[in-house]
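Start counting the sequence shown at 435; every next residue gets the next number (the working numbering).
Incorrect hints may appear among the rest.
In silico lysine-lysine, BS3-like type, Cα no more than 25 angstroms apart, as pairs [said to hold, decoys possible]:
{"#": "1", "residue 1": "Lys492", "residue 2": "Lys638"}
{"#": "2", "residue 1": "Lys546", "residue 2": "Lys582"}
{"#": "3", "residue 1": "Lys644", "residue 2": "Lys510"}
{"#": "4", "residue 1": "Lys582", "residue 2": "Lys540"}
{"#": "5", "residue 1": "Lys597", "residue 2": "Lys547"}
{"#": "6", "residue 1": "Lys509", "residue 2": "Lys563"}
{"#": "7", "residue 1": "Lys509", "residue 2": "Lys644"}
{"#": "8", "residue 1": "Lys465", "residue 2": "Lys693"}
{"#": "9", "residue 1": "Lys636", "residue 2": "Lys670"}
{"#": "10", "residue 1": "Lys579", "residue 2": "Lys651"}
{"#": "11", "residue 1": "Lys510", "residue 2": "Lys651"}
{"#": "12", "residue 1": "Lys677", "residue 2": "Lys503"}
{"#": "13", "residue 1": "Lys644", "residue 2": "Lys582"}
{"#": "14", "residue 1": "Lys651", "residue 2": "Lys582"}
{"#": "15", "residue 1": "Lys444", "residue 2": "Lys644"}
{"#": "16", "residue 1": "Lys677", "residue 2": "Lys644"}
No lab work stands behind these hints: they were computed from the structure.
All values derive from a computational prediction rather than experimental measurement.
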Amino acid sequence: MILLYPFARKHRRIAYENISHAFPEYTESQKKELVWKSILHIGNLVAGTLFAPRLNQKWMDRYLVYDPKSLEIEKKTNEEGVGVVLISGHFGTWEILVQFMGVRMKGGGIYKKVRNPLVDKLIYKLRTKNGIKLVSTEESSQVTKMLKQGYWIGFGSDQNAGKVGIFVNFFNRPASTYQGPALMAYLTGAKMLLYSVLCGEKGKVIVRVKDLGFVDKKAFTDRETAIRHYTEVWTKALEEEVKLFPEQYFWVHRRWRTKPGDFPGQI
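All chains should be built: construct the whole structure from the sequences, respecting the hints.
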C-alpha cells in the first residue's frame, strides 16, 4: 500500500477535498495525515475482504468485540424476532459484517450483479458462505417479504445516489442519499439499526450498534416526509460514528458529486 500511495494521486485529491469540507477546523497537516491513514485503511480493507469468507463461529467468538450496550441491542432485537433494516456504510471493514450477519442473526442482503457471470458467481459464493441470504437488485421486491419474515437486511446506502436520491445534510454539505432503508422500514414495520464494524488492535474487530427504532407513521402527514426524516436520522447517526473513527471512512468516494440543481425536480 505504501508503494502505491504516490500513484493514487486522483484518489488522494478526492479524499483531501472531502476531508477539508468535513473537518474545516483541521490544520493542513491534520488533513494530510487523515488522507494518509484513510489510504492505508483501504489496504486493510482489501485484506479483510479476501479473508472474510474464511470466518467462522470460533473466529468470531475470539475476535469480535462488542460494548455491553451494543450487545444488548443485538440480543434483544434477535429475541423480538422482528425484521431489521441493518444500515451500515463504506466504513470500517464492511465485508466482515456481511459474513457475521449469516451467523449472528437471520441475515439477508441486496447485491448488484456484475457483468462477468464467472466473477458474479464467485462473489455470490464468497458472500453467502456463512449463511446470509442474498437477492440481486433485480429481485428487490423480495426484500419486503424477507423483512416481514424476520430477516435482517443489510443496506450500505451511504454512496452518491445521483438523480434517484434525496438531499440530506452529511458532513456540512447536501448529499444525494438513497431512500431505500427508510422506505423499507416504513413499508414493513422493521426496526432500524446502525452497525459500525471497525478494525481494532491486534486483529480485533469492534462492533458498535445504534438502535434507531421503528418508523412512527402517526407522527407524519405523508410518506415522503417520514422517509426524509428517517433518512436524515440514519445519515446523522452514521456521521457521528465516522467522526469517532474518521480514518476508517471511504473518503476516496465522490459522495457529494451530485449537487442540488443537477437534476430538475430533485429535492
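Going through the hints against the structure:
A distance of roughly 13 angstroms separates the Cα atoms of lysine 492 and lysine 638; the hinted pair therefore holds under the 25 angstroms criterion. About 22 angstroms separates the Cα atoms of lysine 546 and lysine 582, which keeps this hinted pair within 25 angstroms; it holds. With a C-alpha separation of about 13 angstroms, the suggested pair lysine 644 and lysine 510 falls inside the 25 angstroms cut-off, and the hint holds. For a cut-off of 25 angstroms, the pair hint linking lysine 582 to lysine 540 stands: about 12 angstroms separates their Cα positions.
At roughly 21 angstroms between alpha-carbon atoms, lysine 597 and lysine 547 fall within 25 angstroms of each other, so this suggested pair holds. With a CA separation close to 23 angstroms, the supplied pair lysine 509 and lysine 563 stays within the 25 angstroms bound. As the CA atoms of lysine 509 and lysine 644 are separated by approximately 13 angstroms, the hinted pair is consistent with the 25 angstroms bound. For the proposed pair lysine 465 and lysine 693, the alpha carbon gap of about 24 angstroms is at most 25 angstroms, so the pair holds.
Our distance criterion of 25 angstroms between C-alpha atoms is broken by lysine 636 and lysine 670, whose separation comes to about 30 angstroms. Between lysine 579 and lysine 651, the direct Cα distance comes to roughly 20 angstroms. Compliance with the 25 angstroms bound is thereby established for this hinted pair. The straight-line distance between the Cα atoms of lysine 510 and lysine 651 is roughly 23 angstroms, inside the 25 angstroms bound, and the hint therefore holds. Between lysine 677 and lysine 503 the CA atoms are separated by roughly 20 angstroms; this keeps the pair inside 25 angstroms, and the hint holds.
As the CA atoms of lysine 644 and lysine 582 are separated by approximately 21 angstroms, the hinted pair is consistent with the 25 angstroms bound. A hinted pair counts as satisfied when its Cα atoms are at most 25 angstroms apart, and lysine 651 with lysine 582 qualifies at roughly 17 angstroms. Between the alpha carbons of lysine 444 and lysine 644 the distance comes to roughly 34 angstroms, so the proposed pair goes past 25 angstroms and is violated. Of the supplied pair hints, the one linking lysine 677 and lysine 644 holds, its CA atoms being roughly 15 angstroms apart against a limit of 25 angstroms.
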